[in-house]
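2 protein chains.
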Amino acid sequence: MEKYVYLFNEGNSDMRNILGGKGANLAEMTNIGLPVPFGFTISTQACNDYYKAGKKISDTVEQQILVALEQLEEKTGKKLGDVTNPLLVSVRSGSVFSMPGMMDTVLNLGMNDETVKAVARLTNNERFAYDSYRRFIQMFSNVVLGIDLFYFEQFLEETREKKGYKVDPELTAEDWQEVIAGYKAIVKRQKKIEFPQNPQEQLFLAIRAVFDSWNNQRAIVYRRIHKIPDSLGTAVNVQSMVFGNMGNDSGTGVAFTRNPSTGEHQLYGEYLMNAQGEDVVAGIRTPEAIHVLEKEMPDVYKKLLATCQLLEKHYQDMQDIEFTIERGELFILQTRNGKRTAQAAVQIGVDMVREGIIDKETAILRVDPEQLNQLLHRRIDQTAKRVPLTKGLPASPGAATGAVVFDADEAEQLGKEGKKVILVRPETTPDDIHGIVAAEAVVTSRGGMTSHAAVVARGMGKACICGCESLKIDLKNKLFTVGDTVVKYGDIITIDGSTGEIMLGGVAMIEPQLSEEFKLLLSWADQVREIGVRANADNPVDARKAFEFGAGGIGLCRTEHMFMDPKRIPIVQSMILAENYEDRTVFLDQLLIMQQGDFEGIFEAMEGHPVTIRLLDPPMHEFLPDKEELLVEVTKLQLTAPDSPELAEKERLLKKVNQLSEFNPMLGHRGCRLGIIYPEIYEMQVRAIINAAVKVTEKGIPVKPEIMIPLVGHVNELKRMRQLVEETAEQVMSATGVYFDYLVGTMIEVPRAALTADRIAEQADFFSFGTNDLTQTTFGFSRDDAEGKFLQTYIEQKVLPENPFAILDREGVGKLIEMGVTLGRKTKSNLKTGICGEHGGEKSSIEFCYLAGLDYVSCSPYRVPLARLAAAQATIQHRGSIVEAVR
Amino acid sequence: MEKYVYLFNEGNSDMRNILGGKGANLAEMTNIGLPVPFGFTISTQACNDYYKAGKKISDTVEQQILVALEQLEEKTGKKLGDVTNPLLVSVRSGSVFSMPGMMDTVLNLGMNDETVKAVARLTNNERFAYDSYRRFIQMFSNVVLGIDLFYFEQFLEETREKKGYKVDPELTAEDWQEVIAGYKAIVKRQKKIEFPQNPQEQLFLAIRAVFDSWNNQRAIVYRRIHKIPDSLGTAVNVQSMVFGNMGNDSGTGVAFTRNPSTGEHQLYGEYLMNAQGEDVVAGIRTPEAIHVLEKEMPDVYKKLLATCQLLEKHYQDMQDIEFTIERGELFILQTRNGKRTAQAAVQIGVDMVREGIIDKETAILRVDPEQLNQLLHRRIDQTAKRVPLTKGLPASPGAATGAVVFDADEAEQLGKEGKKVILVRPETTPDDIHGIVAAEAVVTSRGGMTSHAAVVARGMGKACICGCESLKIDLKNKLFTVGDTVVKYGDIITIDGSTGEIMLGGVAMIEPQLSEEFKLLLSWADQVREIGVRANADNPVDARKAFEFGAGGIGLCRTEHMFMDPKRIPIVQSMILAENYEDRTVFLDQLLIMQQGDFEGIFEAMEGHPVTIRLLDPPMHEFLPDKEELLVEVTKLQLTAPDSPELAEKERLLKKVNQLSEFNPMLGHRGCRLGIIYPEIYEMQVRAIINAAVKVTEKGIPVKPEIMIPLVGHVNELKRMRQLVEETAEQVMSATGVYFDYLVGTMIEVPRAALTADRIAEQADFFSFGTNDLTQTTFGFSRDDAEGKFLQTYIEQKVLPENPFAILDREGVGKLIEMGVTLGRKTKSNLKTGICGEHGGEKSSIEFCYLAGLDYVSCSPYRVPLARLAAAQATIQHRGSIVEAVR
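Heads up: the protein sequence lines correspond to chains A and B, in order. FYI, in UniProt numbering the residues of the first sequence are 1 to 887. FYI, in UniProt numbering the residues of the second sequence are 1 to 887.
With the rest of the complex left out, here is chain A (with noise of 0.2 Å):
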């Protein structure tokens, strides 16, 4: 006969699909010996079974729900309805995969019109007694019978009201008394019913709730949305209650094994005496530290010190447990790993090892890599209050408080000054970079996550909000408004930019911290992780950011972030602006000079390490002033000032902006087009990476450029470009006579790249997917437009399974990606292969270049840690099974 019902004592954790989660978790602890009170736990077999059946319990499942009662029972001491010493059961639904509050649970059940007053007689606590029974009345006559809630709590109300109390603890145990008539006629007058007085009655009636519950429409809904399969079915958990609020030697509380917030290794946690779980949560009496309960009930205290170390060393994991003390008698209600701080998981994961409990490779499993952004910027203390005033997208993660400034002049004035200061703009353009780099943080009301403030802010690792369109702001009288709320040019706000939300005035942070154990879990992540980690990086002091956080390199230089510089933009727009080719290399000299000192810079700071340089990509018009604010500045001086010079020069340079323009700047003439038709600026380029190249190798400094060219669709456009590299560099090594390698490659960033993979590796050393850019082709949607359209409404209705710009969409994209590498190395096995766009900073992603074998991922240099550890992390979980995955 098959086994469907189990005493706690004979199952164990691994019995999750017969047992459900709660059930398994019970019945291991009560194995290692916790006092756990005891129960019993009916199947998920039988709930599938009473489906089948019609809803319908069978006989024998009937059968062995009451042996394992009787077994109860004498565990116990106790009887389910017995008049002197009567058993109390919780009934809890747990299922194979945890649904909170998906479910219904009865507590109190056995309580009846005789045996409370048993209870009141042995807890000697009579309100106690007939408030539990109220309590029992009104849960089970809502979860079995399907009672609203609002009934009963109406009736409380009036009660209240009547005897003029204000608050539950006011009322006798009469009151209760009378509360509980009261409740009875409701349940008569809704069911026509009495409220059943049979505990046995109670026990099946709410079984069969709990199986009925797994197909309410929540739990459907629920089990859709998780991917949960409908057949998995529910078991039944009854358990022996125990009581914390049976007088002064009870009591109830929370402990955790470790410090969550700091991962300080002593018992941490709070208890409140002679009350329940919900008394705790009510915060009407304040609990105790746990120290205390030492001095209290020392015997309860070792008992409990005893039980979390065995826990902890059962679990090898830092444990939240629930415990309740009954009448001086320690129970275990439920245990679970603790949730924690960034740092503290550092901090368990590293003092876990050097204890002995677990491994190198478990601690560094351990640690959420997403979490450990918090360790890497300023936050905001989690224990301070914070009333946002509005809320925008979190375009770069960090926190800052300061003074609102509405340019950038004036924010780099008051930041010389000393001041700190937030940049709130409709949107920042290359103009704004030095009021950037003095303010704290940027805000602005337009604009998505790939916006300029959002990519030059991620890039300086400064907090930044952007594209938060409640945010009016008026720049002529310098101030912005949020509703009714106005916010004045110097008023302090604080900004978080991981969550998007604006807050007035100041509020608590907390600094950065990059503890000794942090960087001990990266060394260990480092030695175990078989993908490298390099850093994107414009510029030198990103750069010295990159290689201090342990960058294996440079994976993608933006030369382009070079141009934008407020001194060099004029320059840019004057070559971009010359008629003829011989006007545009005057230009074109004056930034090789600036572009050259900055590629030394870089080289210099990686110390030999590759530096992974792409050639010039954004189309043209992106350097030029706006296209419609010229035009109304024009419109504007044809009426006002007709003949005027700056009407003429304007026009001239609204007709270069017009030809310049773009339908879809996006697919348009950018990335190697420019450098097929205006090869005299790739040309430039490349003189200035290896001029560079040339005076830090005679510094004595090795260098390791790779020469990357943007949006290759077809291997002639590289092939051409490839040929414009070497014969330029040749000319610069064979002048100066210093020699040293360097490679050229290729991003790959539209699927035609991808899908011609095997040609295009006829012509690159190495391949480095832009996901970004690969993304928007392969969906076939521009971030930009998507963000602010549907994408939202597509992540919240579930069309698609999350945001392809932060996770990597393995099933398109990384389709793609696995043709590139396999096709890539088809042609050239020792291509060298790696990921620069936003994904390769992201744990899943990470997952995903490690299993299709890229040999690198490239990412902010705030975000270098993160990946280190996510790398390892996929390492442990794939090693072995890169070639399967990729094929």
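Do not rely on the hints blindly, as some may be mistaken.
No copy is singled out in the list; a pair is fine if it fits within one copy or between any two copies.
Claimed, not checked - Derived PhoX-like pairs: lysine-lysine, alpha-carbon spacing no greater than 20 Å straight-line: (1) Lys391 - Lys832; (2) Lys719 - Lys832; (3) Lys545 - Lys704; (4) Lys699 - Lys166; (5) Lys391 - Lys488; (6) Lys832 - Lys191; (7) Lys627 - Lys655; (8) Lys815 - Lys826; (9) Lys420 - Lys488; (10) Lys567 - Lys184; (11) Lys655 - Lys472.
Hint data in this document are derived by calculation from the structure and do not stem from the laboratory.
With chain A fixed as given, assemble chain B onto it according to the hints.
Chain B alone, transformed into the frame defined by chain A:
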């Protein structure tokens, strides 16, 4: 011993690789008994050996040449250098692939101071003999000795002047002797040698020169461009000379075995007595029509006729024959398949089948589908003189003459008055549709091949030229200028939409001809082809045209074109500007009725053939006024009428336009992304389709609607939209009680759709590859930007082999299509697949579609006939190889 030299009677047409094209052809003609001047061919292998040996003719080759020469002398009864009956020969290159004009030729070789006298004697024409000799010196000196022609031309001119002559024919035999002396002096001065008098020395020098010309600069470049391997080498043909200028019993001419213009089955051509080929070209005398020869030289004519019949029968195709008559004797110098007009190609193909010369499949293969375009659009008479004023993009084929108008209303007005007008606009918008309908053709100065004007005109089969940037339009003064030319309102112009040329005034036209032979040929094609042909049509008129042209269904009905009707656009705008769902449905209900009417018409026109209807695709802002124009208006009003209600209204509109505007509209909120965010719009469209289908079914006409969801990238998008379609259809059908089958499918037009086609096929009954967008996203460039900015250069500089928007890119886009088909059929073996991009009407792309195993192609109604033919050709050429090609 290897054979290097072949007499003409030793080779045949299969020996191209050894003898080159010309040599193989001369051998073939000799073998079938034609009177070809005899000679021999030195093989390509001899050329390659010549280079391998460091430019040295080996003894073996030399020996074989001398033997062949002896045999030639024997056959002709003449001898090289003989002073009584000298042999004169031509020495010409002849490579495996034709490289016209790339390599060298020497005529009249064998002339010297002695043989010239013999020639004079034999021809009884001293003047002819010395003229021939001086021509030989000039040609030999230039080609073999490398002396610039300039010296000879200058000397000849001086001589003419000195003698007071105007043209060469005035020179006497004595004059030519003087010239010869002068020429020899030039050779001596330039090369320090006497002009070679030994004919054998002349021969070997000339052979050497031909070998050398294989590697001259222009031949190398030509081979690179045409991808001809350098290793092939050239053959050398040595052939005895014949002369058509030996008196009035000599002559030269060209004959076509059938009329190359009409295809009529009768000898066609012209000839000139006492002349050489170059005299015909010089145009000093007017040639006679070939039939005159019948009277002048009946025997020769009879022989020519017999030869022509023999040649046509032998080559089984219409021949273009060069002949010379030397003293009453006919010689054939060359024959090749004759070029012909589309009309002739069709006529000849059909006639030859009827005559039993070729089979139907051969006839099908003989007609170039591209050429058929000529027959389907009115065109400019090729014999008419055309002086283009300027040139734009050839956006829609056909030709038209009319009066210039600059405004759609004027076009409509004049059109109603029966005037033919050409609408000239900077660009067109949906507001101009009535003007385009009324006009003969459209010209725009802005916009590319996919601009509004281009798409609409192609759909209507009207000629269109776009992006004609040299055309400066002055709308205020109603004129346009090109350079200094001013064209005013009402002036007559003619445009050729196939070339992009604009001409002043009228030019003679030819109306499209749909002969019985053409229809017959297409009916043969339909019997053969294994891939369907559908048409893209957006309204009942186009659908009827498509059906008439033989379309087996509608492959793409773009519902947005129905929105763009000027009567509807205000309703569409109101619908878009609606602030909420309720307001929007009011306007949707109005659109429903209009769309339903269109669908009814289309279903009726197609008489039960499938009709694929794509739901709304373009982004909303495309239906609203232009943002920049609005911005200018608002700016002006702000200055001139700041309190006007007009300003308030325009500002409101501008705000909405700004809200809806996108950075990259091509990658924006369009396609099914609209359907997911505004399901009410798609629901309206589905309702209109199903309502229409019900109505038409009730009339007893069968319907096969195929509802197509655009721009799907993830299966979930299609899943939702399919559900919407099915629910709406079910509602209508159950309400009306009329049931019929319909399909739901998707466009595959972003790479992700092709990459995940196995998933998407779960929800699709059919795939239609939208190769316009798929090309844009696969390459990562937008057509509008690429064509204006860099694509032209890419094609000119061979970065891309051809325009991927015209000819499907098999390597990249094709790979995605193959993946899409393979993955899709893996999930659903009966998945219907087609293509509906513009490639569907292009022959190479149709060939690819056949190889990829697609079920049908769909193209503009006017391209349906050529698609039918191209589909048949692909079938004939690749029958049985589909499976391998798709893997």
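Task: Intra/inter-copy verdict for lysine 815 and lysine 826 if alpha-carbon distance must be at most 20 Å - done: both (16 Å within a copy, 17 Å between copies)
- [ ] Please work out whether the CA atoms of lysine 655 and lysine 472 approach to 20 Å or closer within one copy, between two copies, in both situations, or in neither?
- [x] Between copies only: 14 Å across, 32 Å inside.
TODO: Measure nothing new, just compare the shortest in-copy and cross-copy C-alpha distances for lysine 545 and lysine 704 to 20 Å and report within, between, both or neither.
DONE: Cα proximity of lysine 545 and lysine 704: one copy only (19 Å, versus 65 Å across).
Task: Intra- versus inter-subunit Cα pairing at 20 Å for lysine 832 with lysine 191 - done: For lysine 832 and lysine 191, neither the intra-copy (73 Å) nor the inter-copy (58 Å) Cα distance is at most 20 Å.
Open item on the list: Cα distance capped at 20 Å. Does lysine 719 pair with lysine 832 within a copy, between copies, both, or neither?
Closed with: For lysine 719 and lysine 832, the Cα distance is within 20 Å only inside one copy (18 Å; across copies 40 Å).
- [ ] Could you place lysine 420 and lysine 488 in one of the four classes (within, between, both, neither) given a Cα distance threshold of 20 Å?
- [x] Classified as within: same-chain Cα gap 15 Å, cross-chain 65 Å, threshold 20 Å.
TODO: Pop the pair lysine 699 and lysine 166 into one bin, within, between, both or neither, using alpha-carbon distances up to 20 Å.
DONE: Neither: 82 Å inside a copy, 76 Å across copies.
Open item on the list: Cα distance capped at 20 Å. Does lysine 391 pair with lysine 488 within a copy, between copies, both, or neither?
Closed with: within (18 Å within a copy, 58 Å between copies)
TODO: First find the shortest C-alpha distance between lysine 567 and lysine 184 inside one copy, then the shortest across copies, and answer within, between, both or neither for a cut-off of 20 Å.
DONE: Neither way: lysine 567 and lysine 184 sit 82 Å apart in one copy and 70 Å across, limit 20 Å.
Task: Within, between, both or neither: lysine 391, lysine 832 at alpha-carbon 20 Å - done: neither (42 Å within a copy, 48 Å between copies)
TODO: If the cutoff is 20 Å on CA atoms, where do lysine 627 and lysine 655 land: within, between, both or neither? Let me know, please.
DONE: both (10 Å within a copy, 17 Å between copies)
Checked against the numbered hints given earlier, this structure breaks hints 1, 4, 6, 10; the rest are met.
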